[in-house]
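Number of protein chains: 2
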Amino acid sequence: MAKDFTTRAENYSEWYNTLVERADLAENSAVRGCMVIKPYGYAIWEKMHDALDKMFKETGHQNAYFPLFIPKSYFEKEAEHVEGFAKECAVVTHHRLKPKADGTAGLEPDPDARLDEELIVRPTSETIIWDTYRHWIESWRDLPILCNQWANVVRWEMRTRMFLRTAEFLWQEGHTAHATAEEAIEETKRMLEVYATFAQDFMAIPVVKGVKSPNERFAGALDTYCIEAMMQDGKALQAGTSHFLGQNFAKAFDVKFVSKENKQEYVWATSWGVSTRLMGALIMTHSDDNGLVLPPALAPLQVVIIPIGKGDAKLKIDQTATNLIENLKQNGISVKYDDRTEYSMGWKCNEYEFKGVPIRIVLGMRDLEAGKIEVARRDTMTKELIDLTDAASHIAALLKDIQQNLFNTALARREARTMRVDTWEEFLVRIEQGGFLLAHWDGTAETEEKIKELTKATIRCIPLDAPLEEGKCVLTGKKSSKRVIFARSY
Amino acid sequence: MAKDFTTRAENYSEWYNTLVERADLAENSAVRGCMVIKPYGYAIWEKMHDALDKMFKETGHQNAYFPLFIPKSYFEKEAEHVEGFAKECAVVTHHRLKPKADGTAGLEPDPDARLDEELIVRPTSETIIWDTYRHWIESWRDLPILCNQWANVVRWEMRTRMFLRTAEFLWQEGHTAHATAEEAIEETKRMLEVYATFAQDFMAIPVVKGVKSPNERFAGALDTYCIEAMMQDGKALQAGTSHFLGQNFAKAFDVKFVSKENKQEYVWATSWGVSTRLMGALIMTHSDDNGLVLPPALAPLQVVIIPIGKGDAKLKIDQTATNLIENLKQNGISVKYDDRTEYSMGWKCNEYEFKGVPIRIVLGMRDLEAGKIEVARRDTMTKELIDLTDAASHIAALLKDIQQNLFNTALARREARTMRVDTWEEFLVRIEQGGFLLAHWDGTAETEEKIKELTKATIRCIPLDAPLEEGKCVLTGKKSSKRVIFARSY
Chain L
1 MAKDFTTRAE
11 NYSEWYNTLV
21 ERADLAENSA
31 VRGCMVIKPY
41 GYAIWEKMHD
51 ALDKMFKETG
61 HQNAYFPLFI
71 PKSYFEKEAE
81 HVEGFAKECA
91 VVTHHRLKPK
101 ADGTAGLEPD
111 PDARLDEELI
121 VRPTSETIIW
131 DTYRHWIESW
141 RDLPILCNQW
151 ANVVRWEMRT
161 RMFLRTAEFL
171 WQEGHTAHAT
181 AEEAIEETKR
191 MLEVYATFAQ
201 DFMAIPVVKG
211 VKSPNERFAG
221 ALDTYCIEAM
231 MQDGKALQAG
241 TSHFLGQNFA
251 KAFDVKFVSK
261 ENKQEYVWAT
271 SWGVSTRLMG
281 ALIMTHSDDN
291 GLVLPPALAP
301 LQVVIIPIGK
311 GDAKLKIDQT
321 ATNLIENLKQ
331 NGISVKYDDR
341 TEYSMGWKCN
351 EYEFKGVPIR
361 IVLGMRDLEA
371 GKIEVARRDT
381 MTKELIDLTD
391 AASHIAALLK
401 DIQQNLFNTA
411 LARREARTMR
421 VDTWEEFLVR
431 IEQGGFLLAH
441 WDGTAETEEK
451 IKELTKATIR
461 CIPLDAPLEE
471 GKCVLTGKKS
481 SKRVIFARSY
Chain F
1 MAKDFTTRAE
11 NYSEWYNTLV
21 ERADLAENSA
31 VRGCMVIKPY
41 GYAIWEKMHD
51 ALDKMFKETG
61 HQNAYFPLFI
71 PKSYFEKEAE
81 HVEGFAKECA
91 VVTHHRLKPK
101 ADGTAGLEPD
111 PDARLDEELI
121 VRPTSETIIW
131 DTYRHWIESW
141 RDLPILCNQW
151 ANVVRWEMRT
161 RMFLRTAEFL
171 WQEGHTAHAT
181 AEEAIEETKR
191 MLEVYATFAQ
201 DFMAIPVVKG
211 VKSPNERFAG
221 ALDTYCIEAM
231 MQDGKALQAG
241 TSHFLGQNFA
251 KAFDVKFVSK
261 ENKQEYVWAT
271 SWGVSTRLMG
281 ALIMTHSDDN
291 GLVLPPALAP
301 LQVVIIPIGK
311 GDAKLKIDQT
321 ATNLIENLKQ
331 NGISVKYDDR
341 TEYSMGWKCN
351 EYEFKGVPIR
361 IVLGMRDLEA
371 GKIEVARRDT
381 MTKELIDLTD
391 AASHIAALLK
401 DIQQNLFNTA
411 LARREARTMR
421 VDTWEEFLVR
431 IEQGGFLLAH
441 WDGTAETEEK
451 IKELTKATIR
461 CIPLDAPLEE
471 GKCVLTGKKS
481 SKRVIFARSY
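Protein chains in written order, with our numbering: chain L, 1 to 490; chain F, 1 to 490.
Excised from the complex, chain L in its bound form:
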């Protein structure tokens, strides 16, 4: 166990915060609620970015960039949307600072530079984008529009936590425009699949695909699809959402098109996004009391090689390392040789272990003379001696195995903590233990709110694959046809 490091059992929340800082992922900045994403953390986000961006392009999307600022009046045009975001937004009111009028040192906003209309730092870009789409769309030939934007957004959250909930965060937001509701719904579901595939294949996180209850929908959406993951403490984390927006934004911004039948119709919309919140999900799904654990598909560094030895021995080890590195790189594996002398072997091993590098190789003369190298895997914390001759292909296979093992472990953990609950008494006991509770719900917002009030649990989603099943609402006893997932969440 890493020294001076809080374990998950001792204090899960402190474990998370300490891990994020000590593994050089991020730190709180001097600006309230804003974090600094450090190079190592950012390198993971770049890997996520690249993988997702490729998947977006393969599904026909293009990137574009829309303004950071949204005029206040745009905000007001979609009633539910403004309700959802007005309470926590950064408002720009001036465009100049000047020396303080009272003669004391320092600057203040110049009253002569007050904006006629306040600008909101985007919390999401539906309004400014739909205002733009009005100029782009005239006829069915202009549809669909399949745009994505990588950007920063700001939501003035009162309680923040690195990656999970920050005032500023990085994300992508897809905004598509379609001629029919069917096409838009198909797109909404397609992007949900993209997110689920990404979560499973890259993040090694099993997710439940589902649809939100009306209470938990995005402000302005007709339907919000989501992927939900379970963290190690049994709490749920919403890892991505895909919204069917109907014609709400087209109506608010008057975006019509001439159909093939030569009729003026409002355009159908979707939006979908994932954010740096995924970093939080990644950390909390795999990491342990020894620090960060990274799936090889997203690890900035997959293999680290540390030599032991001096003088002639070191020269021989260098030679072996050079060949091995070359072979690993040919296999598309990222690798670093750390032969710095200002740090000890032990310090280095701890460092890479804490930072979650999937495979650590220690190269020493004794092993080399026997034609072996020592390979330690981060996920299981086990070591083995492998033959030097086919080391590269062995390591490539090992990385695949680590990726799969992390997924399997997370899946087994989730399954162990997912249970069917049929009575309110059991619900009250189980919810304290964490996990996903599959329970019947009568479909009303009142019941959902009551349950939240009593237990802090919300409906995470109605799983897309939930079988039809006659049952009774766990709180009210009223009729229900499907189980939904209740959980406490991040």
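Hints are computed from structural coordinates only; laboratory data are not their basis.
Just to be clear, a hint being listed does not mean it is correct.
Covered, in the sense of this in silico footprint (three residues per stretch, anywhere, with C-beta under 8 Å from a C-beta of chain L), are these stretches of chain F [stated by the list, open to error]:
no.: 1; stretch: 23-37
no.: 2; stretch: 80-94
no.: 3; stretch: 156-170
Beta carbons: idealized from backbone N, C-alpha and C, even for Gly.
Model the placement of chain F on the given structure of chain L, informed by the hints.
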């Protein structure tokens, strides 16, 4: 010549604005001074991003991300810096909107949600980054720090123009920290070289490497290095800057380190950046009265293939196209097959010509039967019939040739419009004709300002390769040892 399209000779400025919109690069948004970068324009920026990012990483830099907001007090800590940026910045004063107090419809900033300290939307990030570096740096072992950030920044320019000068723009900003002045100066120059190489090899733009006069330095820098390019109208455009910041920010934010000699010393800094302004430089260097012209290295689409024919002929053409596309892709060439029937051949040819696709191929049965295909290159607007058999390698060579030709043309144009000027009378005549004037300058800020006042020309840079040469200042007749470049600029 493209229809309804202003020529450069008629109105250069209108030509530029129309081209940016009609080629689907960008458009003005409803937010004052902010543009929307459209998918085609953004795809070019992505190519720039990817090429630069690779070069930054190859020179040892890592990406990170720092907050969008900068507390007002940080801004005030470096005197010249605040002077440079306080007059044009977006100031956030509130974190909530509420229904208007007077009962009328709409929202207003909630007086109860006024921030204790105003936040400035970053115009550049030296202050917030050096405040962060204070926590990262203790000893010489922590140096150098070589960070880069890809981000949006805001400068409230009063006169804006798409890509060239916008209130919000996208850029990268490198911020490095070093133990010695020498190392920092070396880094400053290294990044200038990276920018110059990028401009020449990717953008096909020849640039002059130089150093700014004190008047034109970055606010807070000891020295600003720059690359300057000449646009087709003879005006200069600063395409990238690299600043040696000395210990100014380290002193303002108290960033010290313990040296190898065990002494407390202030850290040395550099910063360097290029922005979406490069898009403006790219457009204005190569484009013509038929629209955009793109160097193949940055073209989102390098080759477009348009078939002519119906029925059986079309099937045969499809087959030929499929093979050709396969071969081109194997050569790493991006290609699109446009066989849409809702648009005519003529419309398509105009469209791709206007969008600057380097090579356009028209596939018709008559040529194919003769074993030929028709290849049109955008830079020279010439067509040739080439053999189908080795078409892919011919096209690969052609793309290289186009890249080189664009660079050569731009270089020849610059050389033709760069002249040595020795008298004030000649200066006054020449400056009206545009171009770079190589003239002697007495080295004083007063003279530089006087010349600017009289002619609107500024010193673009003191070229790094300017030979030592005895001379007299073109305005004052005082002694000078080097010629500098004067020009009007964007």
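- Item | Coverage assertion for the stretch 156-170 of chain F with respect to chain L, Cβ distance below 8 Å, three residues required | This one holds; 3 residues, not fewer than the three required, reach chain L with a Cβ under 8 Å.
- Message: Taking 8 Å as the Cβ threshold, is the statement that the stretch 23-37 of chain F is covered by chain L upheld or broken by the three-residue rule?
- Response: holds (count 8)
- Task: Take the stretch 80-94 of chain F, compare each residue's beta carbon with every beta carbon of chain L, and decide whether three or more fall closer than 8 Å.
- Result: With 10 residues in contact (Cβ-Cβ under 8 Å with chain L), the coverage given for the stretch 80-94 of chain F holds.
The structure is consistent with each of the numbered hints, conforming to all of them.
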